[in-house]
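Engineer: Got chain E sorted already, so can you dock chain H onto it with the hints?
There are 2 protein chains.
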Amino acid sequence: MKKFMEPESVALIGLSRKTGPGSYNIMENMIRFGYKGKIFPVNPNARSILGKKSFSNIKEIQENIDLAVISAPREDTINILNDCAKADIKYVIIVNQGFADADKKGKEIQNTIKEIGTRHGIRILGPNTLGILNNYNNFTTSFMPLTNEKSSVGLICQSGILFVGAEDFSGAIGKGIDLGNGCDIGFFEALKYFQEDPDIKIIAIHMEGLYQGKEFLSLANDVAKKKRIILLKTALTETSIKSAMSHTGNMAGNFQIHEGVMKQAGIVFLEEDGQMKYAVKTLCNMPALKGNNIAVITFSGAAGIMVADALEKYGLKLSTLSHNTINKIAKLSPDWMPLGNPLDIWPAVMKYGAEKVYSIALEAVLSDSQVNGVVCISIAPLLPDFSFLDVSESLNAVMKKQFNKPVAAWLYGPNKDEISKRFESGKKIMTYPTLETAAWSLSILKSNY
Amino acid sequence: MKKFMEPESVALIGLSRKTGPGSYNIMENMIRFGYKGKIFPVNPNARSILGKKSFSNIKEIQENIDLAVISAPREDTINILNDCAKADIKYVIIVNQGFADADKKGKEIQNTIKEIGTRHGIRILGPNTLGILNNYNNFTTSFMPLTNEKSSVGLICQSGILFVGAEDFSGAIGKGIDLGNGCDIGFFEALKYFQEDPDIKIIAIHMEGLYQGKEFLSLANDVAKKKRIILLKTALTETSIKSAMSHTGNMAGNFQIHEGVMKQAGIVFLEEDGQMKYAVKTLCNMPALKGNNIAVITFSGAAGIMVADALEKYGLKLSTLSHNTINKIAKLSPDWMPLGNPLDIWPAVMKYGAEKVYSIALEAVLSDSQVNGVVCISIAPLLPDFSFLDVSESLNAVMKKQFNKPVAAWLYGPNKDEISKRFESGKKIMTYPTLETAAWSLSILKSNY
Numbered sequence: 001m002k003k004f005m006e007p008e009s010v011a012l013i014g015l016s017r018k019t020g021p022g023s024y025n026i027m028e029n030m031i032r033f034g035y036k037g038k039i040f041p042v043n044p045n046a047r048s049i050l051g052k053k054s055f056s057n058i059k060e061i062q063e064n065i066d067l068a069v070i071s072a073p074r075e076d077t078i079n080i081l082n083d084c085a086k087a088d089i090k091y092v093i094i095v096n097q098g099f100a101d102a103d104k105k106g107k108e109i110q111n112t113i114k115e116i117g118t119r120h121g122i123r124i125l126g127p128n129t130l131g132i133l134n135n136y137n138n139f140t141t142s143f144m145p146l147t148n149e150k151s152s153v154g155l156i157c158q159s160g161i162l163f164v165g166a167e168d169f170s171g172a173i174g175k176g177i178d179l180g181n182g183c184d185i186g187f188f189e190a191l192k193y194f195q196e197d198p199d200i201k202i203i204a205i206h207m208e209g210l211y212q213g214k215e216f217l218s219l220a221n222d223v224a225k226k227k228r229i230i231l232l233k234t235a236l237t238e239t240s241i242k243s244a245m246s247h248t249g250n251m252a253g254n255f256q257i258h259e260g261v262m263k264q265a266g267i268v269f270l271e272e273d274g275q276m277k278y279a280v281k282t283l284c285n286m287p288a289l290k291g292n293n294i295a296v297i298t299f300s301g302a303a304g305i306m307v308a309d310a311l312e313k314y315g316l317k318l319s320t321l322s323h324n325t326i327n328k329i330a331k332l333s334p335d336w337m338p339l340g341n342p343l344d345i346w347p348a349v350m351k352y353g354a355e356k357v358y359s360i361a362l363e364a365v366l367s368d369s370q371v372n373g374v375v376c377i378s379i380a381p382l383l384p385d386f387s388f389l390d391v392s393e394s395l396n397a398v399m400k401k402q403f404n405k406p407v408a409a410w411l412y413g414p415n416k417d418e419i420s421k422r423f424e425s426g427k428k429i430m431t432y433p434t435l436e437t438a439a440w441s442l443s444i445l446k447s448n449y
Numbered sequence: 001m002k003k004f005m006e007p008e009s010v011a012l013i014g015l016s017r018k019t020g021p022g023s024y025n026i027m028e029n030m031i032r033f034g035y036k037g038k039i040f041p042v043n044p045n046a047r048s049i050l051g052k053k054s055f056s057n058i059k060e061i062q063e064n065i066d067l068a069v070i071s072a073p074r075e076d077t078i079n080i081l082n083d084c085a086k087a088d089i090k091y092v093i094i095v096n097q098g099f100a101d102a103d104k105k106g107k108e109i110q111n112t113i114k115e116i117g118t119r120h121g122i123r124i125l126g127p128n129t130l131g132i133l134n135n136y137n138n139f140t141t142s143f144m145p146l147t148n149e150k151s152s153v154g155l156i157c158q159s160g161i162l163f164v165g166a167e168d169f170s171g172a173i174g175k176g177i178d179l180g181n182g183c184d185i186g187f188f189e190a191l192k193y194f195q196e197d198p199d200i201k202i203i204a205i206h207m208e209g210l211y212q213g214k215e216f217l218s219l220a221n222d223v224a225k226k227k228r229i230i231l232l233k234t235a236l237t238e239t240s241i242k243s244a245m246s247h248t249g250n251m252a253g254n255f256q257i258h259e260g261v262m263k264q265a266g267i268v269f270l271e272e273d274g275q276m277k278y279a280v281k282t283l284c285n286m287p288a289l290k291g292n293n294i295a296v297i298t299f300s301g302a303a304g305i306m307v308a309d310a311l312e313k314y315g316l317k318l319s320t321l322s323h324n325t326i327n328k329i330a331k332l333s334p335d336w337m338p339l340g341n342p343l344d345i346w347p348a349v350m351k352y353g354a355e356k357v358y359s360i361a362l363e364a365v366l367s368d369s370q371v372n373g374v375v376c377i378s379i380a381p382l383l384p385d386f387s388f389l390d391v392s393e394s395l396n397a398v399m400k401k402q403f404n405k406p407v408a409a410w411l412y413g414p415n416k417d418e419i420s421k422r423f424e425s426g427k428k429i430m431t432y433p434t435l436e437t438a439a440w441s442l443s444i445l446k447s448n449y
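If you're matching them up, the sequences are chains E and H in order.
Going by my numbering, 71 is the number at position 71 of the first sequence; the sequence numbering is gapless.
Going by my numbering, 363 is the number at position 363 of the second sequence; the sequence numbering is gapless.
These are computed hints drawn from the structure, not numbers from a lab.
Mixed in with the good hints there might be a few duds.
In this list, chains with the same sequence are indistinguishable; a pair is considered to hold if it fits within one copy or across any two.
[To be verified] Each computed DSS-like pair below joins lysine-lysine, with the alpha-carbon atoms no more than 27 Å apart:
no., residue 1, residue 2
1, K427, K53
2, K201, K3
3, K446, K53
4, K104, K400
5, K201, K351
6, K277, K421
7, K86, K277
8, K351, K52
9, K351, K104
10, K226, K446
11, K104, K114
12, K2, K427
13, K214, K201
14, K281, K416
15, K2, K401
16, K90, K192
17, K18, K331
18, K150, K59
19, K331, K105
20, K427, K416
21, K53, K281
22, K201, K52
23, K150, K416
24, K313, K277
25, K53, K317
26, K416, K277
27, K227, K3
28, K356, K416
29, K114, K214
30, K263, K313
Bound-form chain E, shown alone (with noise of 0.2 Å):
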């Protein structure tokens, strides 16, 4: 895989002579995103793209060529895999669809294909793929742009929209590897590349069919014990099983009998295609949730009893507090306020101020034995003004001592996007949208390792 994520030198062969605005030039996108290595267009009717020199055939350039990535109609791939062959590539993207994903004929191009490979000890990524996203060496093969923002995430997907749309998915994205069809490279190879990837901490994987299914879940179970992986599992209906066929070619059926298993290992399965990002982050930056008992803090009764119903159904539960803890906001509530879990602060924040109550609240159960984790519920106030009540920074404060528990927040107000940055600045306690979202993280953090 090294040469297909550090390339020195890449063959773009069929690449467009139309650049600019519509015409999805790998090229240019590949020079936009700052690719330092060599670069040979490989275009028999053009002469030179983007200042560059074309060449007709590979077979032309007398260089080293790490890469080839092949985007021609499939009619042409054949042949152009051959003349890889006689230029030495070892290793060749192949960017279009038709193949697997389309029909009959496309099927047994892909065979061919995956045939010539075999025979010449070229490894394959693709058909149908947008490739390979490097932002350690800003490296893309990606004719849609992408954002180039490094994290600690490497992504395994077989589609194109986990690069463009990693806003929606995994979040910034390490290293990517686009399968596509996998006529070649799958599931097992690209595990194995993350797992030795020092870079790699986190492995989000978007799956439609398992294929080398036996040595992917042999090597997940394994990897899982050093590196957090979370696989969101499409294709679960009988329809969009039978369209999973027709989008790579793929079998998607005989999943779920691995679940249990791989759910044991510590795997993450994702249940909705918005969770990526929050599973992405909470491991990314909280500590691991050493047991089932979680404390929750807020301004508002209603807001508790929702999260404790969500806890609950991720299998979390309201941890008893200790006398101690409670005493530490009943000494600041009026005498009538009946104080547990969760930890109702309002009156005491009428009488005492947001900041002051808040940090003794979120000190007194993270320092309490029983707790595993917390939940904080927050006000995101229109600022200036009610500045008064944003906690964010007292909380921070709070975080810096240590103590290894995990803590989420939900903020409700006119100011959110606002005010979940300043309680994530200290890349301590992270921030959800809902409720719901915050429990089910918490519950995430379990693992066995």
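Structural biologist: Chain H in isolation, oriented as in the chain E frame:
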């Protein structure tokens, strides 16, 4: 309820002399909110508050008072309420906590209050409430700052968080009633008021404990024939039911048995705290879904598969598309492209451009008699460089043709906020943060009327 919602004169009993940040001063908030009626502050220790003459007792005020808002320690409430009776005040809001939500003594005081109310014909909202929010006449009794933005949503809740955190629940509130502990005014009266209020089209309810059960359920089934009702029922587990007892002092249980009947009547049950705003937006802007058959138009095969999974989860299915519909896209696609539902238009888009192909596809599926509703999957690209991928204007033009079928969109990519606004500017296509939410939102548009 009218005197609660549209009082011409309000006495604020026990109003704090403190004003400014952290004072939670109701009158200050009321004036900032733009209330134009008469306000009479009552505080024996002040001569004036915010420039208004302060009365030492409500009996001193020699003018008609539509509504009294009491924010005083619980010990003083009984005397104040007796004073209200003598001053012939018929509508009272009790703001403070510390009643049935607290301890035995609080319960006793609340019972006494209720008796006084019954004896003198005084209707009471609360205790433990922010009271009223009426954006149609800029009136609120909230001591917390609220967003003043009109909508056709009538909100009934048991907690001020639904007011303060409106952005996280119903979105803009037209009129809101916080029942708090609900010692007198309850779900029945509040619902009855919104039933007859022509400003209100959608009724959103946050309910912990259902009191007035029978009357409410019968009324709700009736109201649901004319207006859509959205219900967030919380306190669903043993633990949270206990918490609810000490939040508003009401029993939460015995609800599930009515769920079937209420769903049958078209009432939307929410499963998670983040869903309310999407339910509101959906029901406010989209026509009913007249069958289960959904067409999906997509740039991405993978996203089509995800939404197919989600649709099935919510009782919907992928529609069969007519040959005529398919042919309109087949003409623009490569021969090998397998076309169906989800309708993957990407190869056509690469050749003929997003705006042209997407408009043709949307018009085709909306014209297809087998299709009841549509999910559009599209890109939210950076502008202006990739504006050729922004199809918002083209799709809104198609929607002007009045197909009377709901269209939900999901956008992926780096510019979601901006492009979502453009999609929604036509007030026809609504956008959702996840495919899951888009599918769910269509499902709640099924109705029996």
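Engineer: Against this structure, judge whether each hint is valid.
Structural biologist: The hints, checked one at a time:
1. For a Cα distance limit of 27 Å, the shortest separation of K427 from K53 qualifies neither inside one copy, at 47 Å, nor across copies, at 51 Å.
2. In the homo-oligomer, the alpha carbons of K201 and K3 lie at most 27 Å apart inside one protomer (21 Å), although the nearest pairing across protomers, at 61 Å, exceeds that limit.
3. When the C-alpha separation of K446 and K53 is checked against a cutoff of 27 Å, the pair qualifies neither within a copy, at 55 Å, nor between copies, at 60 Å.
4. Within a single copy, K104 and K400 get their C-alpha atoms no closer than 61 Å, and across copies no closer than 41 Å, so neither meets the 27 Å cut-off.
5. For a Cα distance limit of 27 Å, the shortest separation of K201 from K351 qualifies neither inside one copy, at 45 Å, nor across copies, at 39 Å.
6. Both within a single protomer and between protomers do K277 and K421 lie at most 27 Å apart by alpha-carbon distance, with minima of 16 Å and 22 Å respectively.
7. With identical chains, the CA atoms of K86 and K277 are never at most 27 Å apart, being 43 Å at best within one copy and 60 Å at best between copies.
8. In this assembly of identical chains, the alpha carbons of K351 and K52 lie at most 27 Å apart only when taken from different copies (25 Å versus 70 Å within one copy).
9. Taking the shortest Cα distances, K351 and K104 sit within 27 Å of each other only across copies (23 Å), while inside one copy they are farther apart (74 Å).
10. For the identical chains of this complex, K226 and K446 are intra-copy neighbours only, at 14 Å inside a copy versus 47 Å across copies, given an alpha-carbon limit of 27 Å.
11. In the homo-oligomer, the alpha carbons of K104 and K114 lie at most 27 Å apart inside one protomer (15 Å), although the nearest pairing across protomers, at 78 Å, exceeds that limit.
12. In this homomeric assembly, K2 and K427 never come within 27 Å of each other (Cα to Cα): the closest approach is 31 Å inside a single copy and 49 Å across copies.
13. Only within a single protomer do K214 and K201 lie at most 27 Å apart by alpha-carbon distance; the minimum there is 23 Å, versus 55 Å between protomers.
14. In this assembly of identical chains, the alpha carbons of K281 and K416 lie at most 27 Å apart whether taken from the same copy (17 Å) or from different copies (19 Å).
15. Within a single copy, K2 and K401 get their C-alpha atoms no closer than 41 Å, and across copies no closer than 53 Å, so neither meets the 27 Å cut-off.
16. Taking CA atoms no more than 27 Å apart as the test, K90 paired with K192 passes inside one copy only; the shortest distance there is 19 Å, against 74 Å between copies.
17. In this homomeric assembly, K18 and K331 come within 27 Å of each other (Cα to Cα) only across copies, at 23 Å, whereas the closest approach inside a single copy is 72 Å.
18. In this assembly of identical chains, the alpha carbons of K150 and K59 never lie at most 27 Å apart, being 35 Å within a copy and 69 Å across copies at closest.
19. Within a single copy, K331 and K105 get their C-alpha atoms only as close as 77 Å, which misses the 27 Å cut-off; across copies the closest is 19 Å, which meets it.
20. For the identical chains of this complex, K427 and K416 are neighbours both inside a copy (17 Å) and across copies (25 Å), given an alpha-carbon limit of 27 Å.
21. Proximity of K53 and K281 under a CA criterion of 27 Å is satisfied in neither setting, with 44 Å inside one chain copy and 54 Å between copies.
22. For the homomeric pair K201 and K52, neither the shortest alpha-carbon distance inside one copy (38 Å) nor that between copies (63 Å) is at most 27 Å.
23. In this homomeric assembly, K150 and K416 come within 27 Å of each other (Cα to Cα) both inside a single copy, at 25 Å, and across copies, at 21 Å.
24. Proximity of K313 to K277 under the C-alpha cut-off of 27 Å is found in both arrangements, the shortest distances being 20 Å within a copy and 22 Å between copies.
25. With identical chains, the CA atoms of K53 and K317 are never at most 27 Å apart, being 65 Å at best within one copy and 52 Å at best between copies.
26. Proximity of K416 to K277 under the C-alpha cut-off of 27 Å is found in both arrangements, the shortest distances being 17 Å within a copy and 15 Å between copies.
27. When the C-alpha separation of K227 and K3 is checked against a cutoff of 27 Å, the pair qualifies only within one copy, where the shortest distance is 23 Å, while the shortest distance between copies is 62 Å.
28. In this assembly of identical chains, K356 and K416 lie within 27 Å of each other by CA distance solely inside one copy; the values are 21 Å within and 37 Å between copies.
29. In the homo-oligomer, the alpha carbons of K114 and K214 lie at most 27 Å apart inside one protomer (21 Å), although the nearest pairing across protomers, at 69 Å, exceeds that limit.
30. Taking identical chains as interchangeable, the C-alpha atoms of K263 and K313 lie at most 27 Å apart whether they share a chain (17 Å) or sit on different chains (22 Å).
The structure fails to meet hints 1, 3, 4, 5, 7, 12, 15, 18, 21, 22, 25 from the earlier list, while all remaining hints are met.
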